[in-house]
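We have chain A already, so just place chain B on it with the hints.
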Amino acid sequence: MYQTIILNVDELWLKGKNRYLYYRALKEHVRYVVKQEHPGDSFSCRNESQRLVLISDDQPFSNQTLERLTCVPGIFSIVPAKRLPLDLAAVVPALKEELKDPGQGKTMTFKVFTKRSDKSFPQNSMEISRLVGGYILKDFPWLKVDIHRPEIEVELRVHQHALYLSTRKLTGVGGLPWGMSGHLVTMISGGFDSPVASYLMAKRGCRQSFIFFHAYPLVGDEVLDKIRRMVEYLARYQKGATLYIIPFGDLQTKVSELIRLEYRTVVFRRLMIDCATKLASAVSAQALLTGDSLGQVSSQTIHNLALLDGGSTIPILRPLVGLNKMEIIDWARKIGTHDISLLPHDDACAMLSPKHPVIKPDVRYWQQFIEQNDFSQELDQCLAQATIINY
Amino acid sequence: MIYLDHAASTPTSSLANNLLKNLWASEYANPTATHRKGREGAELINQARQEILSVLSDSTGNLIFTSSATESNNTILQGVSLSRGDEVIFSPADHPSITKPLMRLAGRLGIKLIKIALDGDGRVDQEGFEQQLSEKVRLVVLTQVNNSSGHIYPVSELAKIVKGINSKVHLHVDAAQSFTKLPLDLSDHLIDSVAISAHKMGGPCGISALYYRSGVEFSPLLWGGGQESGLRSSTPATVLIAAFAAAVKEANLKCQQEFQRVQELSNQVRDILSGELGERVIFPFLGSDISPYIVTMLFPGLAGDMLLRYLERDEIYLSSTSACSAPSRGTNPVLAYLGVEERWHNSVLRCSFGASSSQQEVTTFCSHLLQNHRRLFSLMAR
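Sequence lines, in order, name chains A and B. For the first sequence, this note's numbering assigns the number 391 to the last residue and increments by one with no breaks. For the second sequence, this note's numbering assigns the number 382 to the last residue and increments by one with no breaks.
Extracted from the complex, chain A is given alone in its bound form (with noise of 0.2 Å):
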């Protein structure tokens, strides 16, 4: 249980004049995490020497917010430390609250890192490392020096006010802090691909609002649950969700009766993207977020690609287009979402698409069909009658 968090960025540092915004956003995301975590509790968030230094005036941090604060984006690295007056002699008391002999004769090893960012410290790097490994050395028997594979890092920092000591680092998800990357809707199904999307997305700063088309009649309201438990973890890189589900059996009903068999996917995609973008004008978000790889489905082709992107008036961006299916299944088991998107389901386009959909569409067809078929307010009334939930 550590009173102290250090949160190192990522590549804010990149930042000109601007960094300052980036700070502030990244700061919001992790008081309101702390605040989540710790109702009622006094803290403070600090920046120092370009790093957040999170500091409990009550109840240490708990082991749960220490994993919350590794999905928030914009954080590279979390290390719960020990804040210690600047005196070395200070460290080796502090240590033995941190580590535990393994007994029975056994032996560990260990390395002092440094960084010294208070450059008044009458001591070096090197030299504060030398002098903290000689004091450990003497007193915990157990541990032996390794510099190339120590099983046991001890970090100190020296900042202008304080000492920090930790012996353990976890890794954050790196990337831009929330929200500094605009706003999207994600269009999330429940299958491997759109969370793996979303994931990537937020780690480049992201906020995002969720859509679901919900195909009842045609499937069951059982993959509901499915939806909410992956958005409820999704939303974990998010400082807060929302998630529209959105009636679309009626209108999926309906269009399969007027189109031909064969286009009857990239129309429901179609009409998807048409609503998708309604409800990111209504939700004032600049773009689309899909979980498309191209060439990975028919209607993922780049003709049909082509297709849905010449209806759209915003950006529809698709970070797995590059993608095999494997790569993502790897980044879906890496992030947490594989057993979630493993869970079976029913899906309507699979049940209403024919054996071989379009895959180079006639283009005059299609545009003479979307032409004579105006489903806008249809569209609407999708989105009126959403459910919506916040996490």
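Calculated from the structure, these hints are not laboratory results. The model shown is predicted, which means the values in this text are computed figures rather than measured ones. Note that beta-carbon positions come from the ideal geometry of N, C-alpha and C, so glycine has one too. Some hints could be false.
Ranges of calculated distance between the beta carbons of each label pair, as one might list FRET restraints [to be verified]:
(1) B:ARG108 to A:ALA384: 51 to 59 Å
(2) A:GLU222 to B:GLY278: 26 to 34 Å
(3) B:GLN132 to A:LEU343: 47 to 55 Å
(4) B:GLN256 to A:VAL297: 19 to 27 Å
(5) B:LEU109 to A:LYS96: 54 to 62 Å
(6) A:VAL297 to B:GLY278: 30 to 38 Å
(7) A:ALA384 to B:THR364: 29 to 37 Å
(8) B:GLU312 to A:LEU294: 36 to 44 Å
(9) B:SER358 to A:ALA384: 35 to 43 Å
Just chain B now, kept in the frame of chain A:
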């Protein structure tokens, strides 16, 4: 609103409903208490017990009240004395409250489970059944009416066979779907125990009973205060029990007349749908030994669940499989055992009738079903 899922649960009869309303506020005392208020409750319970036993034609038999037919089945399956090597005859098409405890017992005790011999149409093959009744058989479980298919097992006839060959066998009957709908005469004392349920026949949900013949022994499932002759510890639910008995009495009086009426409803569904859909509807279970209360239909090329949801939107409620196995998808082991081809397992709808079902309801249901079927059938990609 049209409700055609009576095999899952049926509305309480008006008599039972009135009783519930009238007694709920006053009959709160614990019926095992020795004061007058408690004794009043005990009297109501004993009266109910005698009424139900008289419907079962065994005034010397015993009846304990339980919370559900699942509990009644479990009490017997887990309560009768079984040991390693004993054989138990059952049907994989039985309710999960029979199949699951038996599977567990097979693993724990090392008993051998034998699937009852059926002919190709899901009926008991009597000759095969006789051959299965070896000396090692200790327990036979028969479901009087199957909840998925409506198959009626001639339990009294089968009881004669069982006891004629091996009198030591405990013969348990699950009558949850058949009680007060089909005759069940226990006066010959050949059936050892019977599970019955209130909410399938006009009584309230949450109350059921277990009949056992005089002289039958089994261990209780629940231990505690020793209520219900020590065989079902728990404070008895006086009002639910009284309403259960009232519903039993009412339904039993109309048993034959209702059977005829429901037979007509069942025929009406089959006639209308077959006439309109031809080969696009299949009734896999037909004949005189299928309960008219349950009509199982297959719609090749359509998902039963989907049809169910379209009907649900029209406020017509039925089920795509038995409610107790509803979450299972893909292959349905019950249908497989009953001889239904696997490719049709997802295309099943079950319509089940109760006292409130009418010809008008059936006509409206069929018309909505046909309308939705037409639309969905032309919509499905093939």
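Take a look at whether the Cβ-Cβ distance between GLN132 (chain B) and LEU343 (chain A) falls inside 47 to 55 Å. violated, 41 Å
Indicate whether the distance between the beta carbons of VAL297 (chain A) and GLY278 (chain B) respects the range 30 to 38 Å. At roughly 36 Å between Cβ atoms, GLY278 (chain B) and VAL297 (chain A) fall inside 30 to 38 Å, so the hint holds.
Please check whether ALA384 (chain A) and THR364 (chain B) have a Cβ separation lying inside 29 to 37 Å. Check passed, 31 Å falls within 29 to 37 Å.
Take the C-beta atom of GLN256 (chain B) and the C-beta atom of VAL297 (chain A), compute their distance, and say whether it sits inside 19 to 27 Å. This hint is violated: roughly 59 Å between Cβ atoms.
Range hint compliance [Cβ, LEU109 (chain B) to LYS96 (chain A), 54 to 62 Å]: holds, 57 Å
Does the hinted range 51 to 59 Å hold for ARG108 (chain B) and ALA384 (chain A) at CB? Holds - the Cβ-Cβ distance for ARG108 (chain B) and ALA384 (chain A), about 57 Å, lies within 51 to 59 Å.
When you take the CB atoms of GLU312 (chain B) and LEU294 (chain A), is the distance between them in 36 to 44 Å? For LEU294 (chain A) against GLU312 (chain B), whose Cβ atoms are near 39 Å apart, the range 36 to 44 Å holds.
Does the hinted range 26 to 34 Å hold for GLU222 (chain A) and GLY278 (chain B) at CB? Between GLU222 (chain A) and GLY278 (chain B), where Cβ atoms are some 32 Å apart, the hint holds.
Is 35 to 43 Å a correct range for the gap between the Cβ atoms of SER358 (chain B) and ALA384 (chain A)? About 38 Å separates the Cβ atoms of SER358 (chain B) and ALA384 (chain A), which means 35 to 43 Å holds.
The structure fails hints 3, 4 (numbered hints given earlier, in ascending order).
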